[in-house]
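So the sequence lines, in the order shown, correspond to chains A and B. One point on numbering: in our numbering, the residue at position 130 of the first sequence is 132, and numbering is uninterrupted. One point on numbering: in our numbering, the residue at position 105 of the second sequence is 107, and numbering is uninterrupted.
Do not rely on the hints blindly, as some may be mistaken.
Calculated cross-link-like contacts (lysine-lysine; reagent style BS3-like; alpha-carbon spacing at most 25 Å) [as the list claims (entries may be wrong)]: (1) B:Lys37 / B:Lys48; (2) A:Lys150 / B:Lys41; (3) B:Lys150 / A:Lys48; (4) B:Lys116 / A:Lys116.
Because the hints were derived from the structure by calculation, they are not lab data.
Protein chains: 2
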Amino acid sequence: MKLYGYWRSSATYRVRIALALKGVDYEYEPVNLLKGEQKSDAYREKNPMGLVPTLIGDDGAVVAQSLAIMEYIEETAPAPSILPATPGERARARMIAATIACEAQPFMNLRMQKYLREDLSLDENAVATWLDRFTGGAMRAAEAMAAKSAGAFCVGDAPSIADCCLVPQMYGAQRFDIDTSGMPTLNAIYERCQRLPAFDKARPENQPDAVKG
Amino acid sequence: MKLYGYWRSSATYRVRIALALKGVDYEYEPVNLLKGEQKSDAYREKNPMGLVPTLIGDDGAVVAQSLAIMEYIEETAPAPSILPATPGERARARMIAATIACEAQPFMNLRMQKYLREDLSLDENAVATWLDRFTGGAMRAAEAMAAKSAGAFCVGDAPSIADCCLVPQMYGAQRFDIDTSGMPTLNAIYERCQRLPAFDKARPENQPDAVKG
Numbered sequence: 003m004k005l006y007g008y009w010r011s012s013a014t015y016r017v018r019i020a021l022a023l024k025g026v027d028y029e030y031e032p033v034n035l036l037k038g039e040q041k042s043d044a045y046r047e048k049n050p051m052g053l054v055p056t057l058i059g060d061d062g063a064v065v066a067q068s069l070a071i072m073e074y075i076e077e078t079a080p081a082p083s084i085l086p087a088t089p090g091e092r093a094r095a096r097m098i099a100a101t102i103a104c105e106a107q108p109f110m111n112l113r114m115q116k117y118l119r120e121d122l123s124l125d126e127n128a129v130a131t132w133l134d135r136f137t138g139g140a141m142r143a144a145e146a147m148a149a150k151s152a153g154a155f156c157v158g159d160a161p162s163i164a165d166c167c168l169v170p171q172m173y174g175a176q177r178f179d180i181d182t183s184g185m186p187t188l189n190a191i192y193e194r195c196q197r198l199p200a201f202d203k204a205r206p207e208n209q210p211d212a213v214k215g
Numbered sequence: 003m004k005l006y007g008y009w010r011s012s013a014t015y016r017v018r019i020a021l022a023l024k025g026v027d028y029e030y031e032p033v034n035l036l037k038g039e040q041k042s043d044a045y046r047e048k049n050p051m052g053l054v055p056t057l058i059g060d061d062g063a064v065v066a067q068s069l070a071i072m073e074y075i076e077e078t079a080p081a082p083s084i085l086p087a088t089p090g091e092r093a094r095a096r097m098i099a100a101t102i103a104c105e106a107q108p109f110m111n112l113r114m115q116k117y118l119r120e121d122l123s124l125d126e127n128a129v130a131t132w133l134d135r136f137t138g139g140a141m142r143a144a145e146a147m148a149a150k151s152a153g154a155f156c157v158g159d160a161p162s163i164a165d166c167c168l169v170p171q172m173y174g175a176q177r178f179d180i181d182t183s184g185m186p187t188l189n190a191i192y193e194r195c196q197r198l199p200a201f202d203k204a205r206p207e208n209q210p211d212a213v214k215g
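Isolated chain A (complex conformation) (with noise of 0.2 Å):
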């Protein structure tokens, strides 16, 4: 497999997190967003959005959107299952990752926060009620959806795709300073994660394409 991505991107910082999840290995291309590289015809044509991640798959799949990469991975490379085993709690893992990658991040990324400044002009404190409102108030919803179903993990004792999306969530919020203080289920299965090889593995810091700053 081959992936397209950024070390910062939170979409990307999933996948890897999948992968490292999977043990399984693939090449990693760097997309420096800083400098445009999404924007190219080659890299549209892969990706139409210009966003990354995009992930290769074996069979020649051309495959963008990270929820959509996970369950791709999940059904190609089955074990370990980042999954959880009924209906109901696969339901709840998927639940949260939506919540995070429909509702939270899509209000927080980078061209979001280019378009309020430079667009719409709003000034710092105007951004932050914005990150607070829709990220944050995203966040606190999966709090409370976690809460009900946490173990170890977001939903019992396995990490799932939910962990995949949360992991790089938290990791954001900080970065751009969302208050995550009333969210303790959220925090303890961040630090978890944190000590586990596979979710270090995957850490933005870790990627070769990163910028130590």
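Using the hints provided, position chain B relative to the given structure of chain A.
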């Protein structure tokens, strides 16, 4: 099964299509978004985001987020499948579904439009620019994706979760005057779907809580 939803909600509409394609009977419980019923404590106990839809499964599972709900329906009522046959094709269906659910719809929904107008004081031109940039941009990407995989539907010749997401998105785009003229593949699929009984049954106007206007 019991579905909490709202006739005009794009995400509820997706789930209604999935249920109708599978011929699954369910109880429908309207949640009136205009009256703020989604914000009640009783409803938030089921759906902490305070969004529709929520599905209650026959096993008691309480599932929010339409992507998670559709996967749950697929697992608990497998035939006919709303996922294609191979991992690569399933990935394409999920990719198009996620492009709509994570990149197009969050920027078009009512709470976002209300925030843009009321909290950020954007005028109608600025809202239209926003909708074209984010929602329109994601739909143009979905067009490019579907153009590579479509037969009669978004991926091949059977309806999938991609079409469950596409039809409500096209409906919403018409409602909010988003230009879809450069999307021939999506428009053709939309027209074809509208003529099928399952899609017709799921139409907002055919729901018990629909308001004629």
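Against the structure, the hints come out as follows:
{"no.": "1", "hint": "B:Lys37 / B:Lys48", "result": "holds (18 Å)"}
{"no.": "2", "hint": "A:Lys150 / B:Lys41", "result": "holds (19 Å)"}
{"no.": "3", "hint": "B:Lys150 / A:Lys48", "result": "holds (11 Å)"}
{"no.": "4", "hint": "B:Lys116 / A:Lys116", "result": "holds (21 Å)"}
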